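Chemist: Once you've looked at the hints, dock chains G, Y and V against the given chain L.
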Amino acid sequence: MLAVGLSHYLVLSALLFSLGVVCMATKRNAIGILIGVELVLNSANVNLIAFSKFQTGLVDGQVFAVFVILLAAAEAALAIAIFMNFYNNLQTVDVDRGDVLRG
Amino acid sequence: MDSVAAEQGRSLKDHMDDLAFYIFAAISVASAFGVVVSQNIVRTALFLLGTLGGVAGLYFLLDANLIAVIQLIVYAGGTLILIVFGIMLTSKSPWAEFKPPKSQIVLAAFVGLLMFIGITSLTLSGEVNWAARATKTPLATSPKVAEAGEALLTTYLVPFEVDLTAIGAAYLAKTEK
Amino acid sequence: MADVILESQPDINADLSSDQIQQQDLQTEEMLVNMGPQHPATHGVLRVVLRTDGEMVLEAVPHIGYLHRCAEKIGETVAPYQYIPYTDRMDYLAGMNNNLAFAQAVEKLTGLESEITERTKLIRIVFAELNRIASHLVSFGTYGLDLGAFTPFLYAFREREYILDLFESACGARLTYSYITVGGVTDDLPERFVDITREFLDYFEPKVHEYNLLLSHNHIFIKRTANVGVITAQEALDYGLSGPVLRGSGVNFDLRKQPGSGYEEFDFNVPVGQGEKGTVGDCWDRYIVRVSEMLESVKIIRQALDKLDGTEGQETLHKKGKTLKLPADEIYYEIENPRGQLGFFVRGNGSAIPDRVKARGPSFCNLCVTEKVCEDVLLGDVAAIIGSIDVVMGEVDR
Amino acid sequence: MASITLPWVQRDTEKLSNYREKAIRLLAFIALAHIPIILGAWFLLDPLSTKPADLQDSKVLLVPPLCLGSIGGMLLFAGAAFAIYAYELIGRVLSAPWVAFIIFIGAIFGIVIGVWLHAEILMTVQRDWMPAKETSVIPFVGIEYDHTVQSIYQNNLEGKSVDFPLIGAISIDTPILAYLMFPLQFPLVRDLVAVGGIIGFISLIPGFGIWWERKVAGRIQSRMGPMRAGGWHGWAQSAADGIKLAFKEDYVPPGGDGVLFRLAPYITFIPPICAFIALPFATAWVFRDLDVALIFILAMLGIEVMGVILAGWASNNKWSVYGAMREACQMVSYEIPMGMALLIPVMTAGSLSLTGIAEAQSGGFWTWFVFVNPWCFLAFFLYYVASLASCKRAPFDLPESESELVAGFLTEYSGFRWSMFFFGEYVAMYVVCGLAAILFLGGWMSPFPASSAEWFIAQANIENGMLQTLVKSLLAANPIWFILKATFLFFVQLWIRWTLPRIRIDQVLYACVQVLLPATMVVLLGNTLWILGVSENGLNLGWLIAIDGIINKILAAAGVLTLVGIVGIAAYGYRNNKKLVGWLAVDQLPGK
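Protein chains in written order, with numbering that gives the first Met the number 0: chain L, 0 to 102; chain G, 0 to 176; chain Y, 0 to 397; chain V, 0 to 591.
Chain L on its own, in the form it takes in the complex (with noise of 0.2 angstroms):
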């Protein structure tokens, strides 16, 4: 079996990456793009952690993943409440019908 290094975590973060992109362009359900986003957020917080544990070995690479994952909570919140006034005024939250400038 292949040893596990750091690489291994880069192409696993990169896959990520990508399906979190691809999850973000093909759906078109409001509340699928934003798990495409968090897809994509876990993919970066991947390569911190592996960055801490391989390269640095100091904390600071945890502390960012700290970060990043508060932040996707509170985006997560406001994202939804956004969706939820979305669907108030089109009942849908399909966003290719969020083409009308006006609440």
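Honestly, the hints are just simulated from the structure, not real lab data. One thing to keep in mind: the hints can contain errors.
Negatives, chain G to chain V, calculated, CB over 12 angstroms [to be verified]:
| # | residue |
| --- | --- |
| 1 | 67 |
| 2 | 84 |
| 3 | 107 |
Under 7 angstroms between C-beta atoms, here's a sample of chain G residues computed to sit facing chain L [as the list claims (entries may be wrong)]:
| # | residue |
| --- | --- |
| 4 | 28 |
| 5 | 36 |
| 6 | 40 |
| 7 | 43 |
| 8 | 59 |
| 9 | 61 |
| 10 | 69 |
| 11 | 77 |
| 12 | 81 |
| 13 | 123 |
| 14 | 147 |
| 15 | 162 |
This structure is a prediction, so every number in the text was calculated from the model and none was measured. For glycine and all other residues, C-beta sits at the position ideal for the given N, C-alpha and C.
Modeler: Using the frame of chain L, we list chains G, Y and V on its own:
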């Protein structure tokens, strides 16, 4: 030659860790793939749970216990529930499916593939050869929880406070509506 | 995108004013939920259709008729003496009271009333009041069950068992007694009945205070019932409510206190809702009225038992009851059932079989207030309100 | 006790007796087939001449597991053959109530002792295998002994007598012990043993918990509870229920999402089990002593909600959706006060590791965090209320409230999937109770200070080594104490459930947001300042330290009085059970 020597120096535990990496990586990638492919939004959220769990397992492997449990408690226990709430509140029927056109899917897949190849080639063999610069084996000393907590409250106190403020702002923005 | 067509694409220029949007945090959908006919909190086969918005119940419409057995129509084909068992099956928790109401109605119609002995009247009162206790025990227990307290239910049934044992000793049946019948009671009291009943009352009276400690004055219970499902006195009168539901709203009206009820010589109080924990006429008031009535019934039974001692040897069943010819006349007579006023309308035509039998059931009349009370309450309150109205579906559907 | 007759046995006895013989023959043949393997392995190893140094050889490495495995397999198959051969006899013996009772008790003690021994061995091997030290201390028992596992192993191989800390000196000619201990040096083997122990304990919890809940409910409601299955007070009721549920129809509602419906029970039932990864039973009795064990367990309890939401969502039933939404908002909101209440003992102990927190409370029951200062005292109750809500136990059992929502998210579930939800619920109950026991009630520490054991030994003049060990482990620290405390808190949950009515949903959220959350915040702040004032590194205020001491004594006394009161009331009830039910005894009933 080097790798052979490294192989010989590895204990059973290291092999088990490698196996665990592949298992967790498979779980997270397969779930992420499910997130992309699934048309049912509730199942998408469920697949996201799989990805989050797999990635949390990877954090455990990387000795980042604090991040792993924060991932589980904040992401899987909080954000994901919020997302499911959002799904339940915004979909008239649970099977609300909005299918994008085929051309979009193909385009997105192509862009995604391109992106993956680009990032991978960049990180592995490009100008910025991160992997080559990194230590071959994980560093023996990995930061403990106490260190992370101390860093959060000393070196990174200001960003931490700002982060909390952002959450507070999100809350305030919600209540003003 | 042209290839995506939503079935119900709303018009974005629809008449949804911005005020409305700002008022509502989120547009929610109303949902129709069927509570029953098979639902643990509806005490039988009541079906309540709830129009809900999340946990709020905007409207609750009771639907009945799942237990209809033509009880009134059967009354037009059998003699009054034969009809007594059918009355048992109406309000199956208070069979004795149902028997009593119909028997007294027929006796009043035929003039047999004057020939009923004193002992018979006392026995009837003892059994009616014992059955009131049994019925209120079930009501008390299931009300706890509706609010999630399982234990009072089993305590109540433990006590009810003793009463049922007493009934069994007198008539052999534990649910459908047919004991009080036209012309008296089917049998005289068994041996030691009076002593055992006294024993039971001595045992039972302190238990009520225990129940008050366990349930009535429990903080959570009060939070769940006080100020919930308020029926004002005027509303109660308007809806024609009766029994504990009426008295819980603060109206002091009990048929037993009316002249001609047979209770003139007994000393007892009529518990009335005081709004002790909340508003007058809330669920807690209706509940506590029932609990207090059990104690009043104990008082009545004690007095009746004392009087029974002096009436040994009197006839308890008049022979005429079985071969009664109903005059071509009509009568409406009602008594105080555990759930309210139970009235029977009987019209004879000179033969043994009545022309028309009609019952005025308290559960049926009390149930109609559900729709009024269950407006804008929480889902959990619906169970509390229906439980506090205490309907028996056997009598609602008849 | 009705003897258990299987339906297919009744149906076609003759045909089956044929199958029975075939099965016996097959099993006996497989059992006999193991013998050559064992003998071959034995000769291959030549145990009497093997030296420890040879054990590095990979061939020798593989043989003892093979040998042991073959012996185990032989015993298993032979046992199965015997069981089939003599099933009537076994059934007759089992049907005697006292035998059943002994097996029941024996199983419980067997598992406890087995896990205990395993933990002792595991701990010792972990500490002593690699470094060959001359003296060693058994942790939390506190005995010093001069034989590390390495030396035990070597001596045993050489046929010398071995002095064991618990059993005494044993002289064995063949190095059986060495081979028994051999696999334990591999972490994987140790982990597998630990997993076996944990899964064994976890599977006992719901079975015991459901039976006990029904007995407690019965006693509270002046009835007996289950009395039939098994013979002695219906001890086998849970097993009988489980078998019944497993055979029930596996109904999946049409119109719902079948895949999610099938998946949801697993998502509810796996996280509470995962919580046991980090939940210590004693210092060495933990699968992984995570430094973030507390948050890990909280996270696991939080993920459980996802399964409930999916169950409600996939059931295609409005009542289920109600239950799921109630569960979601209840859990998400109660996690905050629960987590904040848990921060208080963490802060008091200055450690996030559960082992560290428990060891900070080892100086007698007055040093338990529930008594240590008023803020912790309040925090205990705040945590307990929040944990009731997070386990959806009464009075917070709104997600499955039967009088409002039929059965909430469980409405459409039946059979085995339904029982999995209950499995998860009872395990989660035990986890939160165990957490409370560790964080507030001293975990596995006995109520007496650690020095009391030595005092007692000196006073009672105990010279026997085994007895000394026993006394020390009982008076100092023992997993039994943890299990006792957690089980007591578990009992309080049952007690509350069968006493209180249910709260309404708006009151549930009010209680969380308006009462518990501000209260935990105040308590957290108060505790911070209190510790700052009391601690030597902080302000070190003399007057506060004096008050702290007095309040500590008062709270400890109050705790003792509460316990004495509970025991006293229970004893009174037991002695006067006829009176409490009423003096109108059953034989005096009217008409009888």
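Chemist: Hint by hint, say whether it matches the structure.
Modeler: To see whether the hints hold, each was checked on the structure:
Not every CB of chain V is more than 12 angstroms from the CB of residue 67 of chain G (nearest about 8 angstroms), against its label as outside the interface. Listed as outside the interface, residue 84 of chain G is inconsistent with that label: its C-beta sits roughly 7 angstroms from the nearest C-beta of chain V, within the 12 angstroms cut-off. At roughly 25 angstroms from the closest C-beta of chain V, the C-beta of residue 107 of chain G stays outside 12 angstroms, upholding its exclusion from the interface. For the restraint placing residue 28 of chain G at the interface with chain L, the shortest Cβ-Cβ distance is roughly 6 angstroms, inside the 7 angstroms limit, so the hint holds.
With its C-beta approaching chain L no nearer than about 9 angstroms, residue 36 of chain G sits outside the 7 angstroms limit, and its interface hint is violated. For the restraint placing residue 40 of chain G at the interface with chain L, the shortest Cβ-Cβ distance is roughly 5 angstroms, inside the 7 angstroms limit, so the hint holds. With a cut of 7 angstroms, the hint placing residue 43 of chain G at the interface with chain L holds, because the nearest CB-to-CB distance is about 6 angstroms. For residue 59 of chain G, the suggested interface contact is broken, since its CB lies about 10 angstroms from the closest CB of chain L, more than 7 angstroms.
Annotation: interface hint on residue 61 of chain G holds; nearest CB of chain L at approximately 4 angstroms, less than 7 angstroms. Of the supplied interface hints, the one on residue 69 of chain G holds, with its beta-carbon coming within about 6 angstroms of a beta-carbon of chain L, less than 7 angstroms. The beta carbon of residue 77 of chain G comes within 6 angstroms of a beta carbon in chain L, closer than 7 angstroms, and the hint placing it at the interface holds. Of the supplied interface hints, the one on residue 81 of chain G holds, with its beta-carbon coming within about 5 angstroms of a beta-carbon of chain L, less than 7 angstroms.
Interface hint status for residue 123 of chain G: upheld, as the beta-carbon distance to the closest one in chain L is roughly 6 angstroms, under 7 angstroms. Contact between residue 147 of chain G and chain L, as hinted, is supported at the beta carbon level, the nearest pair being about 5 angstroms apart and thus within 7 angstroms. Satisfaction of the interface hint for residue 162 of chain G is found here, the shortest Cβ-Cβ separation to chain L being roughly 5 angstroms, below the 7 angstroms cut-off.
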